[in-house]
Amino acid sequence: MKYSYYPGCTLKTKAQELEKFALDSANELGIELIEQKDWQCCGAVYPMGEDEIVTKLSSVRSLAAAKDRNEKLVTLCSACHHVIKRVNEDMKKKVEVREKVNNYLQLENDYKGEGEVIHFLEMMRDDFGFEQLSKKIKKSLNGRKIGAYYGCLLLRPEKDMKFDDSENPIIMENFIEALGGVAIKYPYRTECCGGYLVTENKSITEEMTNNIIRSAVMNGIEEIVTACPLCKYNLENSHQAKKNNVSVVYFTELLAESLNVK
Amino acid sequence: MQGGIKLRKIGVFVCWCGSNIAATVDVEQVVQEANKMSGVAYAADYQYMCSEIGQNMMKDAILKHNLDRVVIAACSPRMHEGTFRRAAEESGINPYLVEIANIREQCSWVHKDKKAGTEKAIALTRAAVAKVTLNTELIPGEIDVVKKALIIGGGIAGIQAALDIADAGYKVDIVEKTPSIGGRMAQLDKTFPTLDCSACILTPKMVDAARHPNITLHTYSEVEKISGYVGNFNVSIKKKARYVDMDKCTGCRICTEKCPSKKAKSEFEEGLKNRGAVYIPFAQAVPNVPVIDTDECIKLKTGKCGLCEKLCPSGAIDFNQKDEMITEEYGAIVVASGYDIIDLDKFGEYQYDHPDVITSLEFERITNAAGPTNGKFVRPSDGEKPKKVVFVQCVGSRDKTERGKSYCSKICCMYTAKHSMLIKEKYPDIEAYVFYIDVRTPGKNFDEFQRRAVEKYGVQYIKGMVGKIFPEGKKLMVHGVDTMSGETLVIDADMVVLAAATKAKSDAVDLKRKLNISTDINNFFTEAHPKLRPVETASAGIYLAGACQGPKDIPETVAQSSAAAAKVIGLLNKSKLVNNPCVSAVDESLCSGCLACTEMCPYDAISFKNIEIDDHGQKIKKVVADVNEALCHGCGGCTVTCRPGAIDLKGFTNKQILAEVDAICR
Amino acid sequence: MKKMKITPDKYENELLQIKKISSEMVNDCMQCGKCTAGCPATLEMDLLPHQIIRYLQLGQFHKVIESKTIWSCASCFTCAARCPRGVDLAKLMEAIRLISLRKKGNNRLNVEDVSQLMTDQKMPQQAIVSALRKYSK
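Those protein sequence lines, which keep their order, are chains L, S and W.
Plus 8 on top of the position in the first sequence (first one is 1) and you've got this note's numbering.
Plus 704 on top of the position in the second sequence (first one is 1) and you've got this note's numbering.
Plus 2 on top of the position in the third sequence (first one is 1) and you've got this note's numbering.
It should be emphasised that the hints constitute simulated quantities derived from the structure, not laboratory data.
The hints are all genuine.
If you want the footprint, here are the derived chain W segments under chain S, 3+ residues with CB under 8 Å: (1) 39 to 47; (2) 78 to 87.
Derived PhoX-like pairs: lysine-lysine, alpha-carbon spacing no greater than 25 Å straight-line: (3) W:K93 / S:K1050; (4) W:K70 / L:K210; (5) L:K102 / W:K22; (6) S:K977 / S:K1080; (7) L:K144 / L:K28; (8) S:K967 / S:K1005; (9) S:K1148 / S:K894; (10) W:K5 / W:K65; (11) L:K120 / W:K93; (12) W:K21 / L:K102; (13) S:K1178 / L:K251; (14) S:K942 / S:K881; (15) L:K120 / W:K22; (16) S:K1104 / W:K22; (17) S:K1209 / S:K943; (18) L:K167 / W:K22; (19) S:K1179 / L:K153; (20) L:K170 / S:K1050; (21) W:K139 / L:K108; (22) L:K100 / W:K21; (23) W:K22 / L:K100; (24) S:K1104 / L:K101.
For every residue, glycine included, the Cβ atom is placed at its ideal position computed from N, Cα and C.
If we strip away everything but chain L, and leave its shape as in the complex, we get (with noise of 0.2 Å):
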């Protein structure tokens, strides 16, 4: 199985372990991940504007890039996966973001939106299969009570990503059980935990992540695992965590930790 992969910048530095753990994991199933050339970064939020377009551009060179491979686009960050994919469905359903972006990149040949960007984990639940995946756990998790933490960039809005149901996924649950693990649902798992406003007003994200960790405490979870280097930030910080002694994991460190390459 052949991917090309899209890392995004805060992989390469703030998060390695996120992409460390993946790409480990990767190389043990036997998942071909391969660092698209010349990736650039794709700004961190969707471009909500109609009249944006240039904040569109890398997303559709990375789009294009992997359509003209023939391959699927894989992503392990929320936030570029989030990016990427409404960037994707911009060019199949708005002509006028299609023409001009088209207009403006020249690419040897236009991109209309026929290639297709999946995250890591729908990688896993689609084409390898969580099934598969349990059988080929060398360590399980024995029975630790984890909770997922979605945050707000894989789920919403569920038309565009059609990552999981919004209100009620199961997907990383799901994941989490394949390695052995007692996955815990919890209310706050879908709430925001604040994103970027940590940059301008620390205490609503304070509010924001102590409901989320209280809530996880509450229904007995010792460790919540994410996909979003910004979510881990803000959780791990709260006051809440800090107090219950909460660890907040990449879902990639679970899954070296289960195949036995951490």
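Assemble chains S and W onto chain L, guided by the hints.
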């Protein structure tokens, strides 16, 4: 008279319609031009042709000038074609020798320029004159009427219609899918706005229906196939095997009590309680005879058990029963198949998975004294009495996205007020909150009813929606907003009741195909006209009653049922039905027997027959198309499909239409 | 509280701009409040999300452009996901922010200030990049 074009004597009458036509059309000029048209013997105008004076003027002119056909240039034929046909008939002219030129809806009402409008009116009149020249006398056919009605659905809608039709002296069959009649109303606790006990007012009607000499109940039965036409519907009904002999069963219920298979969820109790494999849905069921669920019965699945058979004192259990198919003939059909509420799987924010988050129908069962908690209002999770109850209105209603239904479900504002008052009446110390977008209480005594909840019982009505419900320990943290004060709020509720949107039953599409009637995009059956014909469908002889046509409450349902019954009675009252003579006719000498028309006809009105013709002394058998005049709606689709042009529409023949086109193009 | 004046012409241009940038119709909103009820970031907001749309419906652009609300929005899309009328409030918020930021000298986060944010070694650059994209143009 047919045969040869004799000199026509056409009368043209142009109406002013007050200023409706005269403002944009020079009526007198139209009359002038009409006088010049070939075949026109007399032309006149009048301010209101449809009035008595107008009609008398027309009749006098017919007699005085010996007119043999008439053109009325006025409003749409939908308005007064019938009026002028009758008037013509009274003057001795065949009513189908009357043509209407629509110079109002299609001319004066859509144009502003008087010169152009007048030219168009003249052209339209000329076309009508050209057509009427070729009109032939048509005699409507007669259809027999079977004096029996079929009602599909045994809820309050079906029961009411059945009782009205039966009381008028006609035989009625009710076909009900579930084991008992009663429908949704039987599930309810109290009904608004009177707070009558639902079963108390329903069960007498149920028993009346069962006992009425003119009514036959086919419960646990479904309509399989329907063919035919108004006055003569041929219906196959599948009577599912109950595995209980209805003649022997006394309704003692020993079998339902002792059945060891208790895993099935009771549909009547909205899944809040289990039932046996052999069961009667509720205490007042009519008929009071159980059915055996083949998916749950141990004996039917594995051959073991059969306890009910052993215990039955009347020997009524019969595991050898088979489904029975019966065929019946009916003159009219009433569709009263009812409604469902939506599934809440797409509304994860309301946490419907949680046992203490319930739908309004489940609430009815909980507060009902005959329900799963014997009427005690307790939490399904731990059986404890709740202290704070939150009601959420508009769950899935007024929702334009793919998740919900765009319409207002109509009954929820009233039943939520009812629910809140019922618990406050019984348990005054419970805090009740209602989150709403609007409160819709348009019926008689409805607004006073809802205000009582706020003013007398202290129910807290909050204008705003609920965002999400977060379960926290034993509590349900309801996060909402009070838009009026501009505050977000959170309520630590013990129970949440969701007013889930109503929706059409899932088999509505299947039923509509069997009946050949239409549904709208929400799968509610479509009425013939939303304002003026609310109980009829576009198919003659098939009527609608109740929530299957659109969300409605009990008072409206009963009114609509009686209306449908009145239509049925009017239909069955006739000894013969007159059908529209503007139907297709086949020229058998031209018909090649390809039967393309039979494929095309949307009303299944064309079949075929074998005829024998004499071809130059040789007897040849051939297949030709055969039109059932009772089923034909005169759409003309077959006339286009026919390659040799053998089939034509009486009253709108190809020649007539071409004559109209030629007249306009002149 | 003074009486609010309803002058549809006063901010016609700005409202048209919002419509162009967001492609959303504010009249589609029926003011049910579902967006506000589900918004996780209302703590520091002066106007609630549904009130932002209400003021836009009433043509009171000056109220929304001066609000704290639009800068407290985390773009979590919960409002857009739940709106029963299919109104994307996240896009409307973005449109208002863009109109503000596109005015000369209106950046909320200047490049010179970024180094201050980066004193926390652990903060992922995802945060910085997002902030720069959201708070400056």
